[in-house]
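J.: Please arrange chain B on chain A, whose structure you already have, making use of the hints.
Chain order of the listed sequences is A and B. The numbers in the numbering used here rise by one with no breaks, and the one at position 325 of the first sequence is 325. The numbers in the numbering used here rise by one with no breaks, and the one at position 325 of the second sequence is 325.
Since the hints were derived computationally from the structure, they do not count as laboratory data. Take the hints with a grain of salt, since some may be wrong.
It does not matter which identical chain is meant; a pair holds if it fits inside one copy or across any two.
The calculated lysine-lysine pairs, modelled on BS3-like cross-linking and capped at a C-alpha distance of 27 Å, are [claimed, not checked]:
1) LYS278 to LYS388
2) LYS111 to LYS275
3) LYS102 to LYS327
4) LYS342 to LYS295
5) LYS187 to LYS111
6) LYS102 to LYS187
7) LYS2 to LYS116
8) LYS308 to LYS133
9) LYS116 to LYS187
10) LYS382 to LYS295
11) LYS308 to LYS270
12) LYS308 to LYS391
13) LYS342 to LYS327
14) LYS295 to LYS102
15) LYS133 to LYS318
16) LYS112 to LYS187
17) LYS187 to LYS2
18) LYS133 to LYS295
19) LYS109 to LYS391
20) LYS293 to LYS262
21) LYS344 to LYS270
22) LYS132 to LYS2
23) LYS391 to LYS318
24) LYS237 to LYS391
25) LYS132 to LYS344
26) LYS83 to LYS116
27) LYS116 to LYS102
28) LYS83 to LYS239
29) LYS102 to LYS76
There are 2 protein chains.
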Amino acid sequence: MKPLEGIRVLDLTQAYSGPFCTMQLADFGAEVIKIEQPEIGDITRAWLPVVDGKSPYFTCINRGKKSITLDLRTEKGQEVFLKLAETADIVVDNYRGGIREKYNIDYEKLKKINPKIISASLSGYGNWGPMKKIGAFAQMAEAYGGLMNLTGFTDQSPVKSGNSAGDLYAGIMLVYGICMALYHREKTGEGQNIDISMMDAVFQTLEAGIINTGLTGKSPQRMGNRHPSGGPYNCFKAKDGWCVIGTPVWAQWHSLCRVIGKEEWIDDPKFANHKCNKQNEDEIDAQINEWVKDKTRQEIEEIMAENKITFAQVLDIKEVMEHPQTKAREMVVEVDDPSFGKIKMQGVPVKMSLTPGSVDASAPGLGQHSEEIFAGIGLSEKDIREMKENKVV
Amino acid sequence: MKPLEGIRVLDLTQAYSGPFCTMQLADFGAEVIKIEQPEIGDITRAWLPVVDGKSPYFTCINRGKKSITLDLRTEKGQEVFLKLAETADIVVDNYRGGIREKYNIDYEKLKKINPKIISASLSGYGNWGPMKKIGAFAQMAEAYGGLMNLTGFTDQSPVKSGNSAGDLYAGIMLVYGICMALYHREKTGEGQNIDISMMDAVFQTLEAGIINTGLTGKSPQRMGNRHPSGGPYNCFKAKDGWCVIGTPVWAQWHSLCRVIGKEEWIDDPKFANHKCNKQNEDEIDAQINEWVKDKTRQEIEEIMAENKITFAQVLDIKEVMEHPQTKAREMVVEVDDPSFGKIKMQGVPVKMSLTPGSVDASAPGLGQHSEEIFAGIGLSEKDIREMKENKVV
Chain A
1 MKPLEGIRVL DLTQAYSGPF CTMQLADFGA EVIKIEQPEI GDITRAWLPV VDGKSPYFTC
61 INRGKKSITL DLRTEKGQEV FLKLAETADI VVDNYRGGIR EKYNIDYEKL KKINPKIISA
121 SLSGYGNWGP MKKIGAFAQM AEAYGGLMNL TGFTDQSPVK SGNSAGDLYA GIMLVYGICM
181 ALYHREKTGE GQNIDISMMD AVFQTLEAGI INTGLTGKSP QRMGNRHPSG GPYNCFKAKD
241 GWCVIGTPVW AQWHSLCRVI GKEEWIDDPK FANHKCNKQN EDEIDAQINE WVKDKTRQEI
301 EEIMAENKIT FAQVLDIKEV MEHPQTKARE MVVEVDDPSF GKIKMQGVPV KMSLTPGSVD
361 ASAPGLGQHS EEIFAGIGLS EKDIREMKEN KVV
Chain B
1 MKPLEGIRVL DLTQAYSGPF CTMQLADFGA EVIKIEQPEI GDITRAWLPV VDGKSPYFTC
61 INRGKKSITL DLRTEKGQEV FLKLAETADI VVDNYRGGIR EKYNIDYEKL KKINPKIISA
121 SLSGYGNWGP MKKIGAFAQM AEAYGGLMNL TGFTDQSPVK SGNSAGDLYA GIMLVYGICM
181 ALYHREKTGE GQNIDISMMD AVFQTLEAGI INTGLTGKSP QRMGNRHPSG GPYNCFKAKD
241 GWCVIGTPVW AQWHSLCRVI GKEEWIDDPK FANHKCNKQN EDEIDAQINE WVKDKTRQEI
301 EEIMAENKIT FAQVLDIKEV MEHPQTKARE MVVEVDDPSF GKIKMQGVPV KMSLTPGSVD
361 ASAPGLGQHS EEIFAGIGLS EKDIREMKEN KVV
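The shape of chain A in the complex, shown without the other chains (with noise of 0.2 Å):
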């Protein structure tokens, strides 16, 4: 048994902070129907290259679900909504700011037919505030929410994270709110509204920056792979790749000094703790540079590990998909496809015993569960063909 089973999800969502957090619904059991404008559907379908009207972005985070097709901007898409609302336990959009009220199916208008009905919002800057009516992509809300000005090298340009940050912290933390809100429900038959945005799911990453800023008045800066009060911390070009050394703890830099063959360092006091370390740090790291250069990411593993040295081998994806490490939590789950064949995609991190998540079907086509849905809520063969003449569906 999945632990969200009969729950079912009406999702409002496209691109990727939102499909991201109701993908982890459908994961763990959730009924997730996904709701399409027609014809036209989730802009990411569109994204080359494009199969039978589905692309590999869009397949990897809408796996499980289903797919209908309603044009809310007509009245009657308003009204077919309203009713399968009656039926739903979930609404989750990630519309700007004021879309929903657009649209006659906000909050306040779906309590009124569905009082236990739990709403989610999820937008670049959330639902209030001045910023609220602005659109934004994962990036806007890393800039504007502090992490983008953090990543990078002191003396060179902020850097954008190498996946989309802003999507995916208010992607997930959404999904901690929705289950809470859940559980709460489970307990006293109560619905409510949740919103989140990404610039301040981004904020609340930033870890001890905001005291300390608040206490110094001073933001701390980039340092790219260094660590700000210790070394030697960096990350280092191996023959084959590149790798992480660190030395943490101090015993470490006693082992560091013997492994890369500067055991005189170990009583130098030029290097007699981790704040002298940092005023030579550029010295160090040339010579840990020096002793990498020549040897494999796996020989520096090897060494370090029987070490005791703080050490990571930077990989690449294809090389994260073929690690054992990888493969013993079946981190990589293959799926049939009826466009792509056979795909490979994430597995599902989250490991329950007992309510097991997994990933059960590939995406679906634009409007692949129209008839069944609707069906389902009563509406006749003849309304559904009504509805597709008048382009509602």
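T.: Just chain B, lined up with the frame of chain A:
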């Protein structure tokens, strides 16, 4: 009312990933009892500047929790822990694999004395697989999980995220795992075990990278702040700091040409579509750089808003803290701390209408709640005194 009121969490975590998870449980009303090593406590208590045995770092992620000390390496400590576990709903740890078994407090043991208990473990690489016994800092998981290789510029070193992404993704996902388990338990009475690794959590955030690598056999590479398939999209240096300008929507490109004084580019076949622009993005970016360099970010923001072009200011933490949107969303809260006085920290990003979270108290002193909690499980003053003498608490 908060959604997790009445839920007792035994919190065996330290540093960042685990405490960030349980911080969110505390914000939403759970009684989080932090169990710390006598005399030493959470390692981050010692991170400078320390005031009264508390660091700002420790303070901001342990807000609203209780603290007791207990040496789990001793038999007596384990015995007391099991007594506590009889009264608990959730146990969370972020040990390396195998430590819970060593302390005789693994899930199999706990469920015998409390079948409804939810047990949750967070570690670098998870509790099974060849890497299960290896400890990890966030950056290691970011490297092994494939994210670090994607962050940074093509011809330079990979870059770690400006926050502790490995800790964060796993910590937040574990919050939803715990809430799903609570929801399931509320319906069925059944507890269970949850396991998550930072490497798996990071891997799940790589969007379409996995499906595309599976289809093409080629891993995506770093591309700084640029977009893989369209342009322009980059980070530019304005008069008073950095900003992001992009034209993911084609109509925005024509607006941008007018704004930067290059109206002639609109009909130039060199810039006929996103693909052409991608080939000529150095030339485009140079022109934008020229245009932004003598304007402030605020001036540019206004021009871009008027012309509906995707834009963001890259804000440092102080700027985000003072931003009107941050204020409207109450994302900076002020808390009274007995050691530091008034301190500022992040608010609650998941805005629930009926059961909102809030930050109600600062972080506890080491062992501040020992007597209250131990008395609650029937230990006498004499018992506690003896435990103190034997350094069990």
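J.: Each of the hints needs a verdict: does it hold here or not?
T.: Okay, the hints, checked on the actual structure:
no., hint, result
1, LYS278 to LYS388, "neither (68 Å within a copy, 39 Å between copies)"
2, LYS111 to LYS275, "neither (59 Å within a copy, 46 Å between copies)"
3, LYS102 to LYS327, "between (47 Å within a copy, 26 Å between copies)"
4, LYS342 to LYS295, "neither (37 Å within a copy, 51 Å between copies)"
5, LYS187 to LYS111, "both (18 Å within a copy, 23 Å between copies)"
6, LYS102 to LYS187, "neither (33 Å within a copy, 37 Å between copies)"
7, LYS2 to LYS116, "both (21 Å within a copy, 17 Å between copies)"
8, LYS308 to LYS133, "between (52 Å within a copy, 12 Å between copies)"
9, LYS116 to LYS187, "both (12 Å within a copy, 16 Å between copies)"
10, LYS382 to LYS295, "neither (71 Å within a copy, 60 Å between copies)"
11, LYS308 to LYS270, "within (23 Å within a copy, 55 Å between copies)"
12, LYS308 to LYS391, "neither (65 Å within a copy, 29 Å between copies)"
13, LYS342 to LYS327, "within (18 Å within a copy, 48 Å between copies)"
14, LYS295 to LYS102, "neither (61 Å within a copy, 36 Å between copies)"
15, LYS133 to LYS318, "between (40 Å within a copy, 24 Å between copies)"
16, LYS112 to LYS187, "both (21 Å within a copy, 26 Å between copies)"
17, LYS187 to LYS2, "both (19 Å within a copy, 12 Å between copies)"
18, LYS133 to LYS295, "between (53 Å within a copy, 25 Å between copies)"
19, LYS109 to LYS391, "within (24 Å within a copy, 60 Å between copies)"
20, LYS293 to LYS262, "within (16 Å within a copy, 46 Å between copies)"
21, LYS344 to LYS270, "neither (51 Å within a copy, 37 Å between copies)"
22, LYS132 to LYS2, "between (36 Å within a copy, 26 Å between copies)"
23, LYS391 to LYS318, "neither (43 Å within a copy, 50 Å between copies)"
24, LYS237 to LYS391, "neither (57 Å within a copy, 47 Å between copies)"
25, LYS132 to LYS344, "between (37 Å within a copy, 24 Å between copies)"
26, LYS83 to LYS116, "within (15 Å within a copy, 38 Å between copies)"
27, LYS116 to LYS102, "within (22 Å within a copy, 45 Å between copies)"
28, LYS83 to LYS239, "neither (62 Å within a copy, 54 Å between copies)"
29, LYS102 to LYS76, "within (14 Å within a copy, 63 Å between copies)"
Violated hints, listed in ascending order, are 1, 2, 4, 6, 10, 12, 14, 21, 23, 24 and 28; each of the other numbered hints is respected by the structure.
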